[in-house]
Each structure stands twice: as structure tokens, then as C-alpha cells.
Amino acid sequence: MNQILEKSIFEYSRAGRSAHAQQPPGADVASAAQKIPAALRRRTAPMLPEVSELDAVRHFTRLSQLNFSIDTNFYPLGSCTMKYNPKACNQYAMLPEFLARHPLAPDTQGQGFLSCMFELQEMLKEVTGMKAVSLNPMAGAHGEFAGVAMIRAYHRARGDLARNEIIVPEAAHGTNPATATMCGCIVKEIPVDAQGDVDLDALAKAVGPNTAGIMLTNPSTLGVFERKIEQVAKLVHGAGGLLYYDGANLNAILGKVRPGDMGFDVIHMNLHKTFSTPHGGGGPGAGAVGVSARLEPFLPVPIVGREGDHYRWLSEADRPQSIGRLSAFMGNAGVLLRAYIYMRMLGREGMSRVGEYATLNANYVMARLRQAGFDLAYPERRASHEFIVTMKRQAKELNVTAMDIAKRLLDYGFHAPTTYFPLLVPECLLIEPTETESRETLDGFVAAMASIMAEAQADASTLKTAPHTMPVRRLDDVRAAKQLDLTWKPVNSAA
Amino acid sequence: MNQILEKSIFEYSRAGRSAHAQQPPGADVASAAQKIPAALRRRTAPMLPEVSELDAVRHFTRLSQLNFSIDTNFYPLGSCTMKYNPKACNQYAMLPEFLARHPLAPDTQGQGFLSCMFELQEMLKEVTGMKAVSLNPMAGAHGEFAGVAMIRAYHRARGDLARNEIIVPEAAHGTNPATATMCGCIVKEIPVDAQGDVDLDALAKAVGPNTAGIMLTNPSTLGVFERKIEQVAKLVHGAGGLLYYDGANLNAILGKVRPGDMGFDVIHMNLHKTFSTPHGGGGPGAGAVGVSARLEPFLPVPIVGREGDHYRWLSEADRPQSIGRLSAFMGNAGVLLRAYIYMRMLGREGMSRVGEYATLNANYVMARLRQAGFDLAYPERRASHEFIVTMKRQAKELNVTAMDIAKRLLDYGFHAPTTYFPLLVPECLLIEPTETESRETLDGFVAAMASIMAEAQADASTLKTAPHTMPVRRLDDVRAAKQLDLTWKPVNSAA
Amino acid sequence: MPFIPHTEQDVREMLVTIGAPSIDALFDEIPASLRISGLDGIPEGLSEMEIGRLMGERARLDGRPLSFLGAGAYEHHIPSAVWTITTRGEFYSAYTPYQAEASQGTLQLIYEYQTMISSLTGMEVSNASLYDGGSAVAEAALMAVRAHRKSKSLRVLVPQTVNPNYRRVAISTAGNQGLRFETVAYRREDGCIDREALAAYAGEDIAALVIQQPNFFGQLEDVDALTDWAHEQGMLVIAVVNPTSLALLKPPGEWGKTGADICVGEGQPLGVPLSSGGPYFGFMTTRMEYVRSMPGRIVGRTVDLDGKQGYTLTLQAREQHIRRGKATSNICTNQGLLMTAATIYMTLIGPQGLSKVAAASMQRSDELVEALTQVKGVRAAFKGPRFHEAVLLLDRPASAVLRELEAQGILGGLDLSGDYPELGSALLVCATETKTAGDLARYAAALGAAVQKVRAA
Amino acid sequence: MPFIPHTEQDVREMLVTIGAPSIDALFDEIPASLRISGLDGIPEGLSEMEIGRLMGERARLDGRPLSFLGAGAYEHHIPSAVWTITTRGEFYSAYTPYQAEASQGTLQLIYEYQTMISSLTGMEVSNASLYDGGSAVAEAALMAVRAHRKSKSLRVLVPQTVNPNYRRVAISTAGNQGLRFETVAYRREDGCIDREALAAYAGEDIAALVIQQPNFFGQLEDVDALTDWAHEQGMLVIAVVNPTSLALLKPPGEWGKTGADICVGEGQPLGVPLSSGGPYFGFMTTRMEYVRSMPGRIVGRTVDLDGKQGYTLTLQAREQHIRRGKATSNICTNQGLLMTAATIYMTLIGPQGLSKVAAASMQRSDELVEALTQVKGVRAAFKGPRFHEAVLLLDRPASAVLRELEAQGILGGLDLSGDYPELGSALLVCATETKTAGDLARYAAALGAAVQKVRAA
Ligand SMILES: Cc1ncc(COP(=O)(O)O)c(C=O)c1O
Ligand SMILES: Cc1ncc(COP(=O)(O)O)c(C=O)c1O
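Chains as they are written, first to last, in this note's numbering: chain P, 114 to 608; chain B, 114 to 608; chain G, 81 to 537; chain S, 81 to 537.
Check the hints yourself; a few may be wrong.
What the hints assert, rightly or not - Derived lysine to any residue pairs resembling SDA-like cross-links, with alpha carbons at most 20 Å apart:
| hint | chain 1 | residue 1 | chain 2 | residue 2 |
| --- | --- | --- | --- | --- |
| 1 | S | Lys337 | B | Arg155 |
| 2 | P | Lys341 | G | Pro111 |
| 3 | G | Lys232 | G | His311 |
| 4 | P | Lys120 | B | Pro150 |
| 5 | B | Lys244 | S | Asp120 |
| 6 | G | Lys388 | P | Pro603 |
| 7 | B | Lys238 | S | Ala305 |
| 8 | B | Lys577 | S | Tyr178 |
| 9 | B | Lys602 | B | Lys244 |
| 10 | P | Lys577 | G | Tyr178 |
| 11 | G | Lys232 | G | Glu204 |
| 12 | B | Lys595 | S | Val383 |
| 13 | B | Lys238 | S | Arg115 |
| 14 | B | Lys595 | S | Arg372 |
| 15 | S | Lys456 | S | His401 |
| 16 | B | Lys595 | S | Met368 |
| 17 | S | Lys232 | S | Ile251 |
| 18 | P | Lys341 | G | Ile116 |
| 19 | B | Lys120 | S | Val383 |
| 20 | P | Lys244 | G | Gly118 |
| 21 | B | Lys347 | B | Asp312 |
| 22 | G | Lys406 | P | Leu537 |
| 23 | P | Lys120 | G | Asp386 |
| 24 | P | Lys148 | G | Pro465 |
| 25 | G | Lys388 | P | Asp590 |
| 26 | P | Lys595 | G | Met368 |
| 27 | G | Lys337 | G | Gln389 |
| 28 | S | Lys463 | B | Lys120 |
| 29 | S | Lys388 | B | Ile117 |
| 30 | P | Lys577 | P | Tyr533 |
| 31 | P | Lys347 | P | Gly376 |
| 32 | P | Lys505 | P | Tyr491 |
| 33 | G | Lys456 | G | Gly498 |
| 34 | P | Lys341 | P | Asp314 |
Calculated directly from the structure, the hints in this document are not laboratory data. Note that the structure is predicted; figures quoted are calculated from it, not measured.
Throw the hints in and build the complete structure from the sequences for me.
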């Protein structure tokens, strides 16, 4: 990674400079403006940079080098499944014809694209054990929204109007309760037991005639498989609720066990996790949803249907009970193409190996960190594709926190694991190596962790002031939130 | 730039590991081998890395970050014309159809490609003032070879068999004399005068009945325009020799003056310099040659001809006097496409601006460095697109060399200028900013030079041990040449 | 094993370290009854070579018709540098910049994006992207209801001139929290919001008015008057804008006396390929006073331990990973890579360039309307100023005409009969800077032939 | 101004600094008589959008026929990662790594390349690339003459089974230094070097024998016997090899008792697209004893001031920029980026993968010959083992048959009648791992039809 900071693009800007080759020829701005009523016209130019093409290329290339990424660093960020994004997925999703296709082009001008989408739906049904799939949602949380909206629509369609409570275990990802709220539901949190399984008694008390459903990930965000899943399903279904599966952790069980078989009624998949589409520094993702038969009528449109050899969009007219549209067109089509390519390359066996090797890697790192003296949150349990180390003891004894470890890891060339999530494990590091990392990389990570532990014992200040080799040292988040500085202002301007 | 070294790809290698998706399906190695007579079969596998796709991507991505490049740094490498390589040139030269076209595909399956080549020939004729162009040579030196070979063929065709001497000024690039030798000629070096112009008296003495020709660049590698070019031409032509133009410095005069008009009989162009195809860490280039009418019959084949609306390759049959083929097919086609795209984007005005602004930038940096106390090799002269600073005084007074300055510049984020070339100027730095750099970048460079000069005066050791912020410090070249270590060997092997 | 590096020896030794007899044993906590033995329905794996060939064939199936479709997704020139840089591994394969010190590239880029898009829309602050234009409208409605200081109303006015799909998304999304979207009719003569229909809402307790400019028909609304009217009624104003158009059109921050309150839109025109509808990105900007009500990520500039400037995610207390059920939105993964592309696009195109793109698009679409309305039976639906789209009325069914055009390799526009049956046979057409005079002529000729053919049939 | 950043103010102020009245004045040392006023013959500049459209149209003109052409340039699968990484700006836009400390990426990569290609060819050392396969043969011949310790001969034997274009390039290039290339006939039954014709040179003073394996016809030469024979005659042996084939074939370093002396070849099959013939790269490896005679750049590993390992260009005293007229070659700019691609290719494909590519190519070409020789009037020209190419004899003129095939979108191979008229109507065909059973069937069917049509005509 580059250690030299880069100045703002606005500091390169000079009035009158431009990347001239990018400007459309023969445009007559004055006469176009003339056609716009004066009151509707823009008066001052927007503050976009005025730079040469070289300045732009150099600036953004340099910026890119200030990032850690999968392509440059091991990135064991728990819950995020930072695995290798095959370059082929990008290359073939970006074929000129795919890029140029307008979303409203007729089906007849898209049989290639639509056939990929149809087959993707079919494959996702197979790996999840669900009855039907819609590819629309644009991220995991968006899929959650679709899922909870379908649960509500289902109850409503049955006249079961009181069901507006969504149960979530306390370990749940923040998007779960946030989604429930977005869907107008009330969130009920329930505890997990000391082994990381859902507290069945608490669940039994929580369910009732207002229960719309429960949102679970399995394996949970604690990195363990919810062993009582069948009882959970029975309890919730028995109370008239439905089960929502947060597919963020699907990578752990691909080819081993399917949400549909566990009794889930609806699931979202994070294609950007399990199916390796890129994270892009924050997105895009894709949060396809799968449902059991009873929820099928409610799936968000459009969906790809096949009639003989012809593929076509199914819309509101075909699915009158649909919860409707969640995007202006049909979701993150280009991301879906990448997932399709990835799944076809992996194929049947490859798909099952994902779960196997993700689990192998996690259990291996867990075992080695345990040997190196780290405390596990659930030492009795198998790791799923991820597991939790807790620094609670070290926080007390050595005054080093999970955050200190995380920051110091950056100096060793490793991205930090997820910190402080799930919230219920104090000083936690949620570590997910993924199946695409080699044993040597894992060993290197363990060695770094051990070395950091030794540093902590020798002189904790090395950790407390880490990182030391990044372009910046530890940043002042408090100041960032208090003295809001959200846009660049010219030095001379009254900021 | 990344400051952290990367281990060897062979250290990632593990027997049995592979980037599996890259392997062709259904290949039966054993039965294929069976078809090869045992004596012709390979017995031990080659030592290629056995790594995962992620390992490979990560390794080479990290390696890339260990480089300076135009896309990340100002690169004022004199004589090399390190200007911005527009991304469009790469993108459109890499359209799938262009990449897939086989070199032996018939003309009828290549009218798109051939029309670009034909138009490129025409444009190169126009900018150089030559009568005909062949695109075959794959670099500048290759073009030189073609040129000198044509000169020889010309004399030979006239029965003028004694002409085997090539005159080069002492400031010439190393490829000039090397090329003359490769063509079986004898090299005669002549001096330049104190102003950087060719010593006419020496030239007059050098020419004679054995003179095949003279190789010149103009502006010369001293960064000045050869003012006596007309006399030079007269002298050489008068003696029965031909004039060769080394086009490495064409960027300086594009649209201002043409080699053909100066009296040159043959010229190579470095398309990777003047026409901005990328340098690629060493290549590829393209060294198209242009000739006056008398040399046209000797041009290397193939050449693109037009017959009505149809483009076709002209080969030996069409050009019986051709010096023949210099490449198995037709040179660096993909590079030529990039040059074509670049020239079309620049167009008539853009092409003239290249010379203007390259010259403006060079004269500006020269003026500012002079103000900053640097000594110019030719203080009385205009800079062409480049100019020479000499550190002769500082070498004596402060014991800092041009090399020390060069290495220290790296710490400031600037690539070093060309050092120790041309050989006749002691402790020289040949500085070529190119037209694509902004004034702010040039000012930054001047500031760095001034700051380094101050460092030299304060404590020369900072320079002598520079660079300090690169992934490695100054490397031991002597050891590299003495203890040859040219391939990686497994640690256990007897190296 | 594609994308799995393990050798047999690795597996053996790793299992020894773990103390497990087999990989399968690692799944022993899963109830046996639930275990499956394989995924028979998935086809066998393909090598990269095979998938490359397959995708090439599928792409060719889709063809490359000459398209005059717009309606929310626009064909613009995208500089090569945009995606060359955007797909660099360091941007493409990074996660959300939670570890700020190892993510300064992405963070600074977002900060620069926030600056550009805020300035373009004339607003003070921006987030780092939402899913798309449609979901941004939904989020804006939720935000308006949340941010409104004086009203608790869940009612939002969404004129018919707002993209029908945006209205659908808003309803599917925000409807779940009880928001009610009420439509307002448009005037038949100029395709703009019917001020009289709007006046009927005067004095009512309504959270916000949504104004799309240029509107779905491509027509320019009288945004000043609309904004002032809404503000007088105590409504917030949600502007929905095309970012390209803002090079020439008054930015929402300057609408009326005090400007719109929230501005959203589809970011696709800024360097994002059409790509069958996504991934695109929604943008959202607002006034500083509403920043804590905004959904999505926000980057702020701060200093490090040494006082050096750096960038970090900020105001995270609005977000789901901190505030959970009380967050401003459930959004987590956003459309970062598209925002990256847009930032590079805006940098390369610059303020002049964007004006030229907007102007050239206006010119081309004017020329298109001019050329197409020469065809017998074709006329413009609306009077008044437009941006780069227009509604044409045909005297024959649009669907049949479009089919004829398709056979000529032309996508002639969007048939509006589904969403606006009252218009009769109507086509929404668009031309941008990418269209040449030849393209327009080709369409005009083909339309003439198509209409004639349909008439004859 | 495309690719020029200067504002008017910049120009004004810079001229003041320089002390010149105008840019034009900076050219005042050029004799006025020589100055031109413009370049009228160059068309006006195009925007990137326009050139993109133009190039798209030209590319479509070229089409994408199904090709069975080989003859020195081979269609292989290229992993997406190869060019994604190769075109990263840091590789793409860097210069020759003269400043080693700022070029460790390129330098280490070259060192890794040298290791791979040395091992693949079974030789000790490699340079960092030459222009292409043809020029590498020429350079090898020059090097052999230079490096030969015992002979001063300028004669080099180049059998007819060596690619005719390589022979042409060798003559055009090395002929200027007086090298004489003498051809050796091949045997009609197996398309291999005619040992009897060769024996005629026994005892003569000849610098080197060139052996191409697989040879131009795709046939496998008896390299051990040939090498030993040449060495017995005091000739050096120059091996010309296809790098893909070396996964299965004995590497030149192991030919005969002591191995070939110089090994060269076309690097294109290693991840370089066909691209109308270039840019490709020539590779060259040799024994350590000849390293100082080798042309081109070489990278060595060394240590820095702190004893840390690093890489640098070495043995530069062989090169033109140091040795000038006495250099081993005039080569300066080489084909670095292609070597970069090849290094990434070899890494991704690995030793197993390369064996599979070679095996699959052999299989496909065997199947192709099998299928095509079912067609009446078509038969294989030669007996004996082959790699992935074969010569077919037709009973009708190859050129006419090829034209018929072309009309079906098939490039059926290379017509050998120009270079090998003695074969009659002969086609050199090739199939690699990229060809499917369907492709072969399509060719076979089309060939049947084409031959019939020509016969009928
Ligand atoms: C467990 C879990 N659930 C849901 C989500 C939300 O998914 P997305 O970020 O795609 O919206 C995440 C993402 O981090 C997650 O880890
Ligand atoms: C003056 C001059 N002549 C010739 C050459 C040789 O060109 P190439 O490197 O393309 O072979 C160069 C390249 O550096 C040069 O600067």
C-alpha cells in the first residue's frame, strides 16, 4: 500500500483546464441554455474539478493505492466473506453487449441476459432449498426488507392483521432490527445462551399472536451453528410466525444444509458474499430472496419466467399479490451476472467445497489462535466459517482492546477482523478467513496475532498508537463527528 | 508506491496447488504424452509456480505497486517522452475482434484493422514529410535497423558497393552506432561543437566515398535543435551519403518542422514516444519507418495498400526490392492501433500542439531550474522538448553526483531524469517534461530539485544514501554483475 | 478446485491441527436429519475458458440495437479511464472502509464525491450513495417524514410526472411504515404538474411534495413556484433530478426562495453503463440541518494522532450497525463502486464537459423530435421546454410500431400506454450526445416505414 | 486541448518566466525556411466518444470467424486476470526499470519470468524478451556466430522445416552482417529434416544448426540425434520451440547429450492475444557460459545498502546504451508488457495447466485431422508424431477451398502453396484447447461442402 497521502482533487483544479477528449463535440451550450426559461437556468457552475485526464488518472490511481483490498491483502472480516472475486466474473459481465443493454429493452433483445438470470434463479433455488427466487433486492438489507415485507403481506393476505412483531436474537446483525423497523414492525430481541444457541425459553415467551416472524442467521453471527434450529422453527411456526433466514452466512453451509430444509420460509442471499461478487469499497451487492411455496405469490417483481425457449419478465400483471418493485428496473443486473458466472464456474462440486473449505480454514485458524493463547468466545463449539476471539482478559490485564489489535494488524499487512460485533461478546474479533485463502496466509496471520500479543505484553503502547505504517495514524473519530467536515471548501472561502 | 517488498512467486508455490478454473477441461495428459515418442517426452515438470488464482492476483498486484509509472508519478526521463497514455487507446485497441484476429487471416477478414493501418501510414507520412511509410519495425532501434538496411540496399542497388560507413555524432543514442554495426557498417563518430551543433569541419572530413549515411536526431539528444541541418544535409548528400533521422525526438517538433523537409532520406518514429503508446515497463514499442521517394522500393514488407475501397497487404511480390521482413507477421499491430487512436483523437491541431507545449514545458522547467541555481549544459540555447542540467560543479564542490540527485528525487515522488546520457556532458541530467504535465507538477519538480540542492549543501549524505523511502535503498549493481543471480532457486537446492 | 488453494497435504495437516478426522466432521453440530449430500440441480463446473465462450454467445444474442430509450436510464459516453480505474482491485475488491487507516483511498474518494454531488445539486451535504434512483425517492420520503419538525403527517404528494417506477418503489418501500403517496395530475398541454390539482391540497397536513425535474416526460416543471408553494403549505420539498441536466438547470438548492430540502436522483448518467438496469446508484443530498436524519454512509475529514488530515466514516450513530432498530435506514452495503465511477466521471468530464453533454443531449433530442414529427401521424404530445426526452403521439398503436422498428434494429422508445393510457398511443423517446445525425435520420426513416406498415396491416 | 493541461493563464505566466514573447518564439532556432504552418493532411481531432464509435465499427468489420489458423500464432485461452493486471497503470505506463529502486515491481517480475522460461526451456539463463519469434531466431544466429569459441564461420543451417517467415527475418536481419543461411530439405514422408540432406554438410565449418520443434508442419523432429550430430560437427544448436509444447516435449536444455546451446521462440502462446500479429515477444534462453553474448536486458538479484534483497538490471555492458557500436545487439525497447502477461499466464496456468493445454491441443488437432480426412479428397500429408498442427493435402486448390470456407465464417488454415509448392495443394491446420467438438464438426461439414463446391465449379 502507498504510504504517501494524496491531495484533494480540487487542489489540482484550475479554471479552464479540462480533459478535453471527453467533451462531446459540437455542443452549443449557449443556445441550449437559451431554450431553458431563464428562471430554470443554472447560474453558477457546479464545483466539479477542472483537471487534465492525466491529473485525474494519476489522482485516482494513487488514491486506489491507499486502500487495503482482497487483491492486495488478507481480509478476514467476519460476517463479510471477503473472498477472492474472480477476474473472469468482471470481464464477462462487462462484455460490450451486456453493458449497452437498456433496462427497458424488450425481452426479445435480451434472451442472452435473461437466460442467465433465469438459470441464476434456478441455481439459487437449488442451493437454498427454496421454492422460488426473486433477484431484485440490491443488497442483503434490501433482501431482508423484501423478506419481512413478504411476511407481512402473507399475514395480511390471510387477514392476520395483528402480526407486527419481528423477533431477533441479540446477536443479530444491525440490519435485522433496522429492517423490521423499516417494514413498520416492532422488534423483539431475545437472548442467546452461553453456548451461542437461541434461548428457547425466551423464544417461547416471546412468540404469540402478534408474532410476524423471526429473523435468524444460521450459522449465527457468533460463528456457530444454531443446533436447535428445528425446535426454533417448530416454536415459531407453531405460534403462527414465519422464519426469515439472513443469508449473510450462507457461505458456511453451502452444499451441506439448506435453509429451506431447516424450515425457513424466506431467505435473502448476499451474492456479494457467498457468490463472490465484489464489495467495491462499500457496494454494490445483490440480495436475492428465496421463498417457500406459501410466500411465492408475494415475491418482488420483476422475475424471469420461461415459456418454452423464450425468457420473459414477469411483472405485476403476472404476480398480482407481489409486494411490488424495490428498484426502478430490476436490481443490480451486472452484479447478478457476476454471481451467475461465479456459480457456473464453481458448479456442483465447487459449490459444496465452498462450505467445506471455508469451515476448514476457520476451524484451523481458531485452533491455532487458541494454541497461541487467545481466548475464544465459544471454545466448546465448532467454528462455522468464522469464529470469535475475545480480548476481554487482555483488556483487563494489559489494557489493550480489540481495536488496538485490529489497528496493529494493519501494520502487519493484514486487514483487521470485524471488531465489536456482535455486540454481546465483549472486546470481540470476528474472524472469517474464507475458503480462498491458503494455509500459508492463515499461518502468517496467526503469526502476526501471536507477535502482536507478545508486543502487548512487552509494551502495550506499540498497539495503542497503532497503526504506524499506514498513510495516516489513528484517526480522531470523535472530532470527525463533532466538527463535521463533509465537503471540500476552497481555502479562501469562509468554511 | 508500496514500500513493502513482496516475496517471490515461487515461495507461494506448493506442489499440487493450482488456479483450477484456468485449466482446460477434459485434457488427458497421459494419453497425449503417450503419442509422443518416449525420447522426445519431457521427464520433469518445469518449475512454474503452483499457486491459486488469488495468490497470483495478489502477488502481481502487489508487485505492480512497487513501480513508479506515468499513471502514478511525474517521469521526466529525457529522450523517452514519458507522456500520458490515454486509456481510450488501450480500450479500443483491445476490442474483442481486434484481439482475436489471426495475423494470417485474409485481408477480407480485416478491412477494419487494415483501414486503420493504412490511415496510420498516411498520417505518419504527413507529420514527417516523407513519401512512404512501413509500420513493421517493433521499436526505435528496429526502425533504425530498417533504415540503415535500406540505405545499404539503396547504395547496393546502384552498384555503389563501397559505402559501408555510418557517421554518428558523439551525442547519439547508443542504438545508433549499435544499429550501424548490426547492419554490417562501420561507425564513425564526429564531435559536436560547444553550442551542441554538429562540428561541420569534422563532418566534412568524415564524409567520403565510403559514406553510406549519417544518423542524426534533431533536436539532438543534447536537447537543442541542430541549426546547421541544411548544411549537414548538403555535405552528406554531396558526398553521396544519405541522411537518417532518429525520430526519438520527434515530439519536440511535431507540426513545426518535418524531417522530410530538412532533407532526411529515412526516418524512424518511436510511436511509443511521440504517439503515446505505453512503454510497458520496457516495451513494446513501434518504430515505423518513413522514406523519401528514392528509398521507397526498399521499405520492409508488409505494407498496407489500398485498391479502390479495399485494403490489402503488399508483400515481397509487390515490392521485389524490399529489404524483406523484420517480423514474423507485421510488427506490433496492437501498438499501431493505439498510435492510430491517439493520432485521430489529437487530430490536426492537437498534433501541432504536442510540439508547442512539450517545448513550452521544457523551456519553463529549464528557466526555473536556472533560477534555482542549476547549471545548464547549453545555457545559450533554447530547450527543445528536453534539456540538460550538468552537476559537474556540484560534483566537485559538494561531492554529489547526478546519480545522487536522481536517487533523491525518487524520495520526493518524482522519477529521475535520464542520467549520464548523453555521455559527453559530465554529470548530466537530461530532463524531458512532455506536454501532458501541468504547470503545478513542473513547479513541484523544480521545488524538489531546489530542496535537494539545499540538502546537498547542508549534508550531502542524505543524497549519497538516497533513496530512503523506496522499498529498497540503493542497490549494489556491482555485486549484481559479479555474483550473477539470474533465476530463483529453491532454498534447499545447491545454488 | 476452482478458487480453493488447498493441497491434500494442507487438508491433512490442518485437520490434525484442528483435531478433526475429516472435513465432514467439522459439520457434526448440524443435525444429521438436515444434512444434504450434494447439489444435484447445479450443473457441473465450467472452466473460465468455457464460461467465457458461453457468455460471449449470450452477449451476442442480446445484440446491439440502436436505442432511443431513456425513461430513467441514459446512454452517455463513458471515458475509458472511468472503468479502467474503478475496476482496479484496490477499489473493486475492498470492503466498506471501516478500518479508516487502511482505506484512505476509498474514504477520500467518497469525500470528493460528496463535495461534487453537493455542489452539483446545490445542497450542503451528501451521503455515499443509496441503491438507485427509485429507492432514493423512497428513502427521501421516509427521511422527510422523519425530519419534518412541525408535522407528523405520513402523507407525501407524488405527482404523476414523477417516474412511475419511482412511485412504485416508494410505495412498496415506505408504504410499510404507513406512508401514503398521493398522486397529482398533470396538465395535458405541457405535461407538467397541474397546479390546480395541486391547489386542492392547500392547507392540508402533508409531509412533503416530490418534484421531478426534468419530469418523467422530459418536460421542465416550474420548480420555483412549486417549491415556494409547498414550503408555504409547510411541506418539505423532495427534488428528484437528473444529474446531467443540472449542468444547465437550476440546482434544487436554489429552487424557490429557500431551495428544496432533500435532493435525490439516479446517478447512472454519471459514468455508469446501462447494463440492463444496474448496478446504478442513488444519490441524496440535503441541508446540513437534516444531516442526522439522512440514511446511508457519510465520510468526514478529521485528523490523526499526529494532527495529519485524514478521512473516516462519520455520524455512524444514524446507521443500523450502531443504532439497530432506531437507525435512519437499514441500508448497509450501498453502491460504492458506482459512486466511485461517478466521481471519476465527474472529474474527467468537468463542469464544462457536463454542460456540453447536457447541451448536446438537448440538441440531439430536439433534432430527433423535429425529425420524427415529420413523419405523418406523429406529433409531439406537449408544449413547453424540455430536457432530453419527449413524448410523441402516434396515430397507430405504439406497441406495433415499436415491433416494426425492433425488426430494423432500432429500439424506438418506451410505450407509455400502460402507465399513461389517457395519452393514447404515446412514445417516450430520448437522444443524448451519443447519437449522430445519421442515427436520427435512420430512426426517422425507419419510423416512417414502420408507421406505414402498421397502417397498411 | 486533448491531453494538454495548460490554461491560457499558465501559458502567459510560463512565457514570462521563460522570457519569450510567444510559444512560437521558442522555435526561433529553427531555420525559417524549414518551418511549416500546419499539418493539413491530418483529419480533425475526434473526441474519445467518436473514436470509440469508429473503432467499434471497424472491429465489427473484422468479424469473429472460427479460425483454424496457426503457423506461428496460436489461439489459446487467456485468463482474465492476465490482462487485468498487465494493463494496470503501474506496469503499463512505466519505462524500462533503469531506476531500480523505483521499479522493483517490474524487475522482480522479470526475474521471475527469467526463472520460469529458463526452467521451461531447460536452460540456465534468459533475457527479458526480444521483439518476436522471428527476430529472436535472427538474434540467436548472430549470437551463435559471436559466441562460437572455435569457428569464425558465418554459415548457419536453417532447415526448411523452420517457419519460413522466421527464415526470412533471419536473412533480412543477420544477412547484413554477412551471415549466410543455408536451407536443408525435409523428408516427404514425415515432414522432418532430411537427415541425408543434412549429412551433406558433415565436416564443414558451420556456426550453427537451427532446429524447430515442433517444426513448422507441426511434426516432431528427432531432436536428440540432430543435436548430437550438430555438436559432433562443431556447430552450435539453436532450438526454436513453442513454449506450450514444452509442457510435454523434452526441453532444449536436454536435447541430445549436452542440450541445445541457445533456445528461442515466439512467446505469444503464453497469454498474448493474436491481435493481427503483435505485439508478441521473442524469448531467448541459453547456457550460463554464453550469458555475456546474449542480446537484450537481463535482471539480477542483488542487495541494497542495508543488505536487503532487491533486483536490478545487470550485465548492461552487453547493451547498446553502454557498449554502443560493440553491443551484442541494438535492441533497446523490448516487449516487456507481453513478457509481463506471459509471466502472469505461466503463474496462473501452472505446470499442470500447461500440460493440459498442450495435451488438449494435441487431442483437438488429432480429432480435427481425423474429422477432416474423412472428407473425400483430403488426406494427411505426413506420418509420424505431431504436436497441434498438421498439413493436409487436398485434391483441389487450397485457395479456392479456403475462400469457400471463409464464406461460411471459417478460416480453414494456411495455404502452403506459396512456401512449399512441391506439396501441391496443402493446408496447414491447427486446433487448440479452445476448439470444441462442435467447432470441429462444423469445420468438417463445411470442408466437405467446400471441396464439393470447388470440384463442381
Ligand atoms: C449477518 C449480516 N446480515 C445482514 C447483512 C447486510 O447485508 P448488506 O450489507 O448486503 O445489506 C450483513 C452485512 O454485513 C451481515 O453480515
Ligand atoms: C534518441 C533515441 N534514439 C533511439 C532510441 C531507441 O528506441 P527504442 O528504445 O524504441 O528501440 C531511443 C530510445 O530510448 C532514443 O532515446
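Here is what the structure says about each hint:
1. S:Lys337 x B:Arg155: 15 Å, holds
2. P:Lys341 x G:Pro111: 9 Å, holds
3. G:Lys232 x G:His311: At roughly 16 Å apart (the allowed maximum being 20 Å), His311 (chain G) and Lys232 (chain G) satisfy the hint.
4. P:Lys120 x B:Pro150: 64 Å, violated
5. B:Lys244 x S:Asp120: 16 Å, holds
6. G:Lys388 x P:Pro603: Holds, at roughly 18 Å.
7. B:Lys238 x S:Ala305: 52 Å, violated
8. B:Lys577 x S:Tyr178: Holds, because 18 Å separates the two Cα atoms, which is no more than 20 Å.
9. B:Lys602 x B:Lys244: 53 Å, violated
10. P:Lys577 x G:Tyr178: Holds, at roughly 18 Å.
11. G:Lys232 x G:Glu204: 25 Å, violated
12. B:Lys595 x S:Val383: 12 Å, holds
13. B:Lys238 x S:Arg115: OK: Lys238 (chain B) and Arg115 (chain S) at ~17 Å, within 20 Å.
14. B:Lys595 x S:Arg372: 12 Å, holds
15. S:Lys456 x S:His401: It is violated: about 60 Å lies between the C-alpha atoms, which goes past 20 Å.
16. B:Lys595 x S:Met368: Roughly 13 Å separates the two Cα atoms, so the pair holds.
17. S:Lys232 x S:Ile251: 18 Å, holds
18. P:Lys341 x G:Ile116: Distance of about 18 Å is within 20 Å: holds.
19. B:Lys120 x S:Val383: 14 Å, holds
20. P:Lys244 x G:Gly118: OK: Lys244 (chain P) and Gly118 (chain G) at ~17 Å, within 20 Å.
21. B:Lys347 x B:Asp312: 14 Å, holds
22. G:Lys406 x P:Leu537: Within the cut-off at roughly 18 Å; holds.
23. P:Lys120 x G:Asp386: 17 Å, holds
24. P:Lys148 x G:Pro465: 7 Å, holds
25. G:Lys388 x P:Asp590: Measuring from Cα to Cα gives roughly 13 Å; hence the hint holds.
26. P:Lys595 x G:Met368: 13 Å, holds
27. G:Lys337 x G:Gln389: Outside the cut-off at roughly 37 Å; violated.
28. S:Lys463 x B:Lys120: With Cα atoms ~48 Å apart, Lys463 (chain S) and Lys120 (chain B) exceed 20 Å; violated.
29. S:Lys388 x B:Ile117: The hint holds at about 12 Å.
30. P:Lys577 x P:Tyr533: Satisfied, since the Cα-Cα distance of roughly 17 Å is no more than 20 Å.
31. P:Lys347 x P:Gly376: Satisfied, since the Cα-Cα distance of roughly 8 Å is no more than 20 Å.
32. P:Lys505 x P:Tyr491: Given that 20 Å is the threshold and the Cα spacing comes to 13 Å, the pair holds.
33. G:Lys456 x G:Gly498: 24 Å, violated
34. P:Lys341 x P:Asp314: 12 Å, holds
Of the numbered hints given earlier, the model fails hints 4, 7, 9, 11, 15, 27, 28 and 33; all others are met.
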